[in-house]
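**Q** Sequence:
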Amino acid sequence: MNVLSAMAGINDGEFCKKFTKQGVDLITLGGFNMDVPTFKAGLENISKYDRKEFFTCPHHISEDLTEFIDVIRNYNPQWKGKISVNLRAANHEPFSLLYNNENIDILEINAHCRQAPMLEAKTGQALLSNTKVLGDMLEEVTTNSGKEISVKIRANVEGVDTLEIVEFIESYNIDYLHVDAMNPGVDEADYDILNKICGKTSIHVIGNNSVRSHEDYLKMLDNGAESVSVARAALEGDIDHIFM
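The sequence shown begins at 54 in our numbering and counts up by one.
Fair warning: there could be bad hints in the mix.
Here are the simulated DSSO-like pairs of lysine-lysine, each with C-alpha atoms no more than 27 Å apart in a straight line [what the hints assert, rightly or not]:
| id | residue 1 | residue 2 |
| --- | --- | --- |
| 1 | 272 | 253 |
| 2 | 93 | 185 |
| 3 | 133 | 70 |
| 4 | 200 | 175 |
| 5 | 74 | 105 |
| 6 | 175 | 101 |
The hints are simulated quantities; they were obtained by calculation from the structure and are not laboratory data.
My request is simple: use the sequences and hints to build the entire structure.
**A** See the structure below:
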């Protein structure tokens, strides 16, 4: 499965629709800030890092996502891929806002973002150090959402045993483990940690990080990933050469 990974403030329907004709099987919208703490963190991301952010009010996030999805589906009615939404939250409560949205196939918990405002809001990769909150989220969505569940994690986070957190996540009934195999200080994925993760878990692993060429794509597969996701390379507008 070929995956377009989330990029906050970029991955809306208009940006994503063209990839339905470029070998992508799963499109990830977002990431989206689901509550007050993450919304405020998004504002700080703009002021501190000049980042784009989605400013979707939680009360009508489901309607906004439906509009994005309609843009994608209407652009290419023949595309039969899945739609995932990457979601930032400080606790489990906001996820229920999307349970009745039948346009969404996959809810992806963001345990990945590392900007200081997100860490201060105790979301993103901060969840990897707070298994109580992460566990509450996993219990909530796997029990009540009726959707497939993905968790996107960052590997090699200081103070976090990556393989232990994978084992913890696997204790819940999730469908996908989306792994940013970050290799600190190196402009290449950590294929060794990806290989260890894939050897440890039976969850469907989506490999991510620095996938810019077909060779990078094949390395992800060779090290055990069942699927591969592309993010920044998509900013150039053409990614079919990576998957083909």
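**Q** Now look at each hint and say whether the structure bears it out.
**A** Hints versus structure:
no., hint, result
1, 272 with 253, "holds (18 Å)"
2, 93 with 185, "holds (23 Å)"
3, 133 with 70, "holds (12 Å)"
4, 200 with 175, "holds (25 Å)"
5, 74 with 105, "holds (25 Å)"
6, 175 with 101, "holds (18 Å)"
Hint check: no violations occur; every hint is consistent with the structure.
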